[in-house]
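Protein chains in written order, with our numbering: chain Y, 877 to 1190; chain S, 877 to 1190; chain W, 877 to 1190; chain A, 877 to 1190.
Simulated from the structure, these hints should not be mistaken for laboratory data. Just so you know, not all the hints are guaranteed correct.
Any copy, or any two copies together, can satisfy a pair, since identical chains are not distinguished.
[Stated by the list, open to error] Straight-line C-alpha distance at most 20 Å; calculated EDC-like pairs for lysine to aspartate or glutamate:
| hint | residue 1 | residue 2 |
| --- | --- | --- |
| 1 | 893 | 1085 |
| 2 | 1076 | 1135 |
| 3 | 893 | 1112 |
| 4 | 893 | 1069 |
| 5 | 1126 | 1058 |
| 6 | 1076 | 914 |
| 7 | 1076 | 1058 |
| 8 | 893 | 1176 |
| 9 | 893 | 1161 |
| 10 | 893 | 1118 |
Bear in mind that the values here come from a model prediction, so they are computed numbers and not experimental data.
There are 4 protein chains.
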Amino acid sequence: MATLDPGIGEKFSRRTKRAINHDGSFNVRRRGGPHRYDLYQSLIQMDWWSFIGLLILFFSVLNGVFAFVYLGLGLNDLPGVAAPRGWWQDFLSALFFSIQTFTSVGYGHVYPGSNGTGLVSSVEALVGVLTFALATGLLYGRFSRPSARIHFSQTAIISRRADGTPCLQFRIANQRSNILIDLQARVLLKTVDPATSNQKYDFLPLERDSISFFPLSWTVVHDITPDSPLYGLGPEDYEVFDIEVIIQLKGYDDTFAQDVHARNSYTHDEIEWHRRFVRAYEVGEDGIAVVDLDQLHVTEALTEELVMKNEEVS
Amino acid sequence: MATLDPGIGEKFSRRTKRAINHDGSFNVRRRGGPHRYDLYQSLIQMDWWSFIGLLILFFSVLNGVFAFVYLGLGLNDLPGVAAPRGWWQDFLSALFFSIQTFTSVGYGHVYPGSNGTGLVSSVEALVGVLTFALATGLLYGRFSRPSARIHFSQTAIISRRADGTPCLQFRIANQRSNILIDLQARVLLKTVDPATSNQKYDFLPLERDSISFFPLSWTVVHDITPDSPLYGLGPEDYEVFDIEVIIQLKGYDDTFAQDVHARNSYTHDEIEWHRRFVRAYEVGEDGIAVVDLDQLHVTEALTEELVMKNEEVS
Amino acid sequence: MATLDPGIGEKFSRRTKRAINHDGSFNVRRRGGPHRYDLYQSLIQMDWWSFIGLLILFFSVLNGVFAFVYLGLGLNDLPGVAAPRGWWQDFLSALFFSIQTFTSVGYGHVYPGSNGTGLVSSVEALVGVLTFALATGLLYGRFSRPSARIHFSQTAIISRRADGTPCLQFRIANQRSNILIDLQARVLLKTVDPATSNQKYDFLPLERDSISFFPLSWTVVHDITPDSPLYGLGPEDYEVFDIEVIIQLKGYDDTFAQDVHARNSYTHDEIEWHRRFVRAYEVGEDGIAVVDLDQLHVTEALTEELVMKNEEVS
Amino acid sequence: MATLDPGIGEKFSRRTKRAINHDGSFNVRRRGGPHRYDLYQSLIQMDWWSFIGLLILFFSVLNGVFAFVYLGLGLNDLPGVAAPRGWWQDFLSALFFSIQTFTSVGYGHVYPGSNGTGLVSSVEALVGVLTFALATGLLYGRFSRPSARIHFSQTAIISRRADGTPCLQFRIANQRSNILIDLQARVLLKTVDPATSNQKYDFLPLERDSISFFPLSWTVVHDITPDSPLYGLGPEDYEVFDIEVIIQLKGYDDTFAQDVHARNSYTHDEIEWHRRFVRAYEVGEDGIAVVDLDQLHVTEALTEELVMKNEEVS
């Protein structure tokens, strides 16, 4: 069986971290060259708290700057500013006027009374409406970005079929209540040559590599037949070869009306031996199937007899 | 023929409700785990009356809260509020000022006259414009979400071909006046083992599984040949095996410029025997084809002779 | 060769108009049933002048209604309205105040001076900002809707190859200066049975059914070999069988980053015999290829000799 | 091997410039016909500085026009305009009032005091909010337009494998820190007939035409076996036949949740002979792979021995 390069690299001077982290990211950095820092991508991908914090910071700094410009022009040019005055009070008055202009509230009890303040407030009003146009796009971009929320079992397991065939299994469920359609799974095995640190990738054929609907849970199964690159390997070998099982999922999301993707991997210390998954769904009295997301991770030991059978075959 | 798991589950402790409801939803609940409640998905998918109601509620509560904050700071800090005053009148004045700030109207006959009200009204103005930025995104998200409006015949039928071959048929039409392109159909049969309540799924091959355009109606046909899992089964068997015919449709929508999907199913009591569909379109005097959506459901009895032939074969 | 149903219908009581109009629409009406009128689809698809007209009408009516409500409450409740007054002047004052509220300009020289006008203006301000939120979505939806602007030659032609093989050809070019990628063509032949008015559809295999890039023009060619449903037919037969050549195009648009589709058809009276296309592009002195969209339709007669050869074969 | 027309044209009267420029554009112009100039496409595709400049120009001109309209109506109709007055000061006052109306700030110290200014300011306020609705859509359209930022090595190289097989190689890396999934490459060879200037295209089969992930760099390789259209050609032949290697890339972008495309080409003078690429990534001490974008272009000479071997084979 020819090896394949999934694009993660083959020849390395030393051992790398896991190829794919549990959040789907890769352990890769960029250096030199015309590296593009994409502002939009960053603003879309950062978490909500950072985004809101950044938004507040941006508004504060921008209005602070405009406030100082108004101060520099002199508050006499902003008729309506209340007495008594002082440095701090003047700054606050200028800041409030700035925000009223920026948000286009424009009460008008304070107003630009000179060409200088007239010009600056005109510019600020334009900047303000364009800023909110940008914010509208960013908020929509953040909300409407489709993403799969696939819940993976914490461990993969080496189990066995009724006929004694050993198999690699893991289990997934949809954290959201929407329906994924035509969900496809692709599983790669990464093995590292202990001598050279070179990496080798093989596809692991699956018992079933796609399902029509995904309302419940799905146990993905690779049979460890003599053709499998995992055939004949024990737990120690998994560690020696620094085995990593890399998973790529793709499905159509009914709500976003777009394809969504998910990635994850199991390293050798996240693979349990001689276990099987406990069923993660049941039927309620009303005839409705219930998925228990906590149950997704629950495994139980195989019976002695089955493990024996397993040992003989594996 | 190997059974297949479309992802709806196979082993159940008891009989489940139908797999797919007529609105395309599944009879599944989620429990435990890090279940994600997605605000955006909910706001996008709820019906328009609920959405508008929620919007009004949100505006009312938010402006009510701000009104109380202004009341707490004292209406003396909002110069311009009209006399005579009283609790209710004060609340209304504060509420109107709040809305004028929130929507950035800012007439200015009432204005923030202190640092306290200046700060609160600045915050409210920012919250206001960002709220409308969010509302813009949500309204667009709701509008632009592609969805197929496929009209299914109320029943599927067991009919027969001219040569006596029995067949399962149902009929669909597009409720919208747009054109769906390359519409594909996939039909699954669910049978339940009466003894164990386990479910079994088979694909039902179709006479034609896709059409290039979908301006009229489409009768989807599965021939009940000896290869069909329905071969030799009568109406009682359909009930014993709790038969459900599950339909998945996919096509390209010309208006939204995106793929759209639709789902439906027919249970054994939604299947009529020995019927055929009456034609649902005709040509007007102007040479334009007319689809009659009411006619979509109309079936008529097969002739005695054909049913006989049918009985012999089936 | 089995006939196929592209979804346009087969059995008709009388002759229909052409299946597909030059703008890609179908000659189909809907009747009865739960026909969905989709406001968003209509607003997205109507031409720009209708859309802008509708927008102006909507703004005028809505502000007119609000103006009458203010008039009903009495202009004494809107302090700042200028004297002298009269019915028409009052209406204009109320209308201007309404528009200032609706657009959230809110100068404030006129302001709501009672609970009644305070409430109505609050509602109008909210309606206003939400209306512009909607308008934002609609404008974006109209702009960002991908659509191919494929220019088709006015006629299809029956030409011949150097070896005398007759062929059906038509030619397309991209009206836009963007690039379409992986453009695919699918051509169907509709023939009508003169006796029964039933319609029959066949795919016409193409010399080449896709191109990688589409910067210039593309001549789509179907060879009329003995396998072709057009083999042996002359111009009179084309008319008797009411022949229509139906074209479906699909490609990836580099600007919209989405697939775009186009449709067209040629009826028997839009097919020219014994012609060939004149080349529609040339290379300028600067080495840049120039497509001449006017040249796209230009055909010239085949030489006598070739037509002869043609006649023998066809 | 049959030649193919990728849609770039085959028969030309004289030599053309390269088919594809380094920015992915084609050397094609349009002339005549109903050529569509798409405003949205232009506004989406122009660079940011041009876009912002155009925006400022548009705002300035529009507000300038409205300012002159107010001047024409007479500033006495705009109560609140400050004294002393003069032509320039009047223009500025009208301009500031216009901008305050256009952005819906509406301080109100200047306000429309007649039916004429009331009407014009109403129209301007509506135009203003709709303009910002449009700007919102344009800004979002610009930001959310997916585009691959693939960094290509400056030159392609003719290298050799360990067994002496010569091969054509080029190398790419992702300039962005997002992950491209299922990246596919397609490579075409353009050769020009020196006598007729006709162009001929062949696909160059690749050692590997897709990778699952693209976090690092990817060396695309075409083996120059006896089947290859490049077999037996030396550097002079490359020039005589005006060889151009055309590259088309397609992958799924995780951030934009859409397919992205990239194009490039290497002409004969951008192909280096007897070189090999130096590795462009390494593993840091923390086990994280580091891609060096500057290193992407670095090649080194093959050993004498290998070139010899190469010469014999090629």
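Hints, one by one, checked against the model:
| no. | hint | result |
| --- | --- | --- |
| 1 | 893 / 1085 | neither (27 Å within a copy, 27 Å between copies) |
| 2 | 1076 / 1135 | neither (29 Å within a copy, 28 Å between copies) |
| 3 | 893 / 1112 | within (19 Å within a copy, 47 Å between copies) |
| 4 | 893 / 1069 | within (14 Å within a copy, 49 Å between copies) |
| 5 | 1126 / 1058 | both (8 Å within a copy, 11 Å between copies) |
| 6 | 1076 / 914 | neither (33 Å within a copy, 39 Å between copies) |
| 7 | 1076 / 1058 | between (29 Å within a copy, 18 Å between copies) |
| 8 | 893 / 1176 | neither (30 Å within a copy, 30 Å between copies) |
| 9 | 893 / 1161 | between (48 Å within a copy, 10 Å between copies) |
| 10 | 893 / 1118 | within (10 Å within a copy, 46 Å between copies) |
Of the numbered hints listed earlier, those contradicted by the structure are 1, 2, 6 and 8.
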